[in-house]
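Each chain is listed here by its residues.
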Amino acid sequence: MTRSDGSDLETGEGEAGSLRGAARELAEVGVAIHEAAAEATRALASATRGTARAPVRSWRAQRALLRALTNRRGLGFAITGGGLGAVTARLGGLLGGESLAVLVLATSLRLRITAVARLHPELADDPLLRRLIDAVAADRDLASLRAMRALVKDRGAVRALSDLAPVFGEVLALKALLDENPLNDRAAWLIATGQGYATADPITGLSNRLVAALDRGRGAARRTAPKVGERFQEHGSLLAFLTNIATIGTTGRVLIQAVTGPDGVTRHVVQAPGMRLGRVDNDSPQDLLGAFSSSVLASSPYSRAVAKAVHDLGLPEGAELALIGHSTGGSAIMNLVQDPAFCARYRVTHAVAVGSPIDFKRPADPRTWIASVTNQHDIIPTLDGQGSGTCFELHPDWYVVDYRDPSHLFPICHSIGRYLANLTDDLPEARARIDAALTLYRGPVTESRLYRLYDDPPAPPGHPFLTVPTYRRHGLDLPITCSGGSSVTAYFAAEPAVAAELLATRGLGPAVRLGWRGLGPAVRLSWRGLGSGVRLGSPASAGARAVVSLCFTDHHDSSAGPYRELIAGLLVHDPWRPRRWGVWFDLLRPPGRRRSGTCLLGGLTSSPELAAAAPDLWGYEPHAFPLRTETGPVVLRGPLGPGLPVPAPDHVLYGYRHGTVLRSTIQVRGRTRLHPAPGARLAVAATGHPLARLLTDLGLHGARPLLCLSTPAHQTLRSAGAPVPIT
Amino acid sequence: MSSADRLEEQARALAACTARLRRILADLGEAAPPWLSASIDAHLTACAVAAHDLTRAAHHLRALDEPPLSGG
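Just so you know, the protein sequences line up as chains A and B, in that order.
Position 649 (the first sequence) corresponds to 649 in our numbering; numbering is contiguous.
Position in the second sequence (from 1) plus 1000 gives the number in our numbering.
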């Protein structure tokens, strides 16, 4: 392993190298002592089984073993291994009884910190950092806490974390080894011995795998187009690939480029960015949970999603790939590097991880050339427990660049921009070394494909509501689907005689009416605008008001293109079997089973195609009208007032065409509010427009709605009308 | 291999640890931080005590493995 900090672990050059070597040996001694304690614990369990056979000798053996396992001058409190060991070790941990193995490992960690301090004089010279490290090493909890508080108070949490970063893992492990919390002991042991990924948070002991298990998903990738102004590098190189990662940003996307190498062969380079900021868990695997799972687990939604993006390229078996990743992206690509199935299908020739915790990833194909670039003040690469202070040769065959950067404030030093700047200006040798390894990928880019990644395959837009069989009529795809729109429906009390006349000409009736005199004191509504005495009515209520609905809709994303419309209609009873009271319950039924509905009177639409097709499709004649502003023949002005959440209102519409009644439906999905006391009023312009005349005749000019329904964001499904015999 | 044998082997490993700890300190020479000498001394003393404890326990285990005499 090559380190750019001036020391070499193999030869032990320099004081830091010697100290690291000593720390590694001490860790090995600690492991040997632990094994001796485990053997003694097993012998103790074995001796207890001899009690019945030879009670006196068994008791003597047990006493000798117990003494060996609890002698503070020898192994310390060292019962370990097996069920008995686990319980008593935790008990010992709670009581603060340390084992000799733990004390030796603590010395090893202190040596690692000393080694880092030799390379980072600021650590040794900083009185607050020294105070903290000394207090942790001496297992003085209160003093450690005070030292940490003093550090944070003096320079803020971010700066304190940045200053501590080079020895962050060691300080946490030291604290965890010596504290009374038994839950973090395993993580501390793994960090101190370099035997594996820290399985838990070294402070609380919360299992990393438990947190990572929350990140579920099969992983999915969908091709997507670059954003406006987004341009990618056109010639392959390390800096070009990292620049692309910076361009993509943490937006839940990855880039795959085809590059023609100097040998004329086209290969592909996967470029994976880091964690997407925002929610802990979103629909992309590039979230905080994804960062955890990619680092802790061998396979994660992120790596599975990247694999699916690669599969989408349709590359032949054995196609050569280079994988480049930053932060979480580095962990994700390394999960692919250690995936035997992926490496059997493709030949992963190179993997470069920048600022990623990948120390415990194991490549499936030993031929894969791997480089890891980490800033010693970047905490993220140390999250697997091994940072710049590590004394273990975990990957002697990797190219590791672990460097120091004078402007080391975290999280800036973790950003792809900072790594790019360091590789461009400060690490020319490392850059040249990696570029030399990537020679086959240094050529013109022939194709760039962007993929949006998901935890799970995303449902099609509008699924299942808008995914229905379609057919074409009158130049329109039917049913008309709208995946983005808004609407307001206002209900007015209207002149009953005019309403009856209108219905008669359309072969429909009777109208639903309000204010039935014979009802007496039964259900009585006191909606504003009608004064007192408004009652739910029956078809036979002479003189009672009819109900007109005006539905203002803006379909900005529909299968018929963007358009606005206004539909005017009269509420009508079940054409076959009018019911006095049943109508109000019937109006609440799903549209497929509803009989009462709205008789279409007319309307406006900004779509000339819809205006032309409407008579045949739905049995009414809307007028083509721009409907771009609030000026027009019919405008609802004023506030809707407070609203209550209600189910979205589906519509059953009855039209009339050449002697036939056409029944159609508009199904609506979206969050709807009912406004029981709207302050708005209807303004009907005296323009002579047919719709304006109609509404004026119905007495609606200046009228206040009985109630309104508003749906600020809706999806709608509008069917063509079907002829229904009603006589 | 009996429990007593395995324990004796571990006792020998602990004794080897004391030698190894001495060598670690000696190899570091002047590079060793001032606090290390005391720590290593404490560790190797503890290793020696632990090795003795395990040897003694192995002796008792061996006695336990022998055929029982009359009266246990």
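Keep in mind that the hints are not guaranteed to be accurate.
Stated by the list, open to error - Partner residues are not named here, just some residues of chain A that face chain B (Cβ under 7 Å, in silico):
(1) E39
(2) S58
(3) A68
(4) G74
(5) L100
(6) P590
These are computed hints drawn from the structure, not numbers from a lab.
Positions of the beta carbon are idealized from the N, C-alpha and C atoms, including for glycine.
- Query: Are there hints from earlier that the structure breaks, and if so, what are their numbers?
  - Reply: Result: hint 6 breaks, nothing else.
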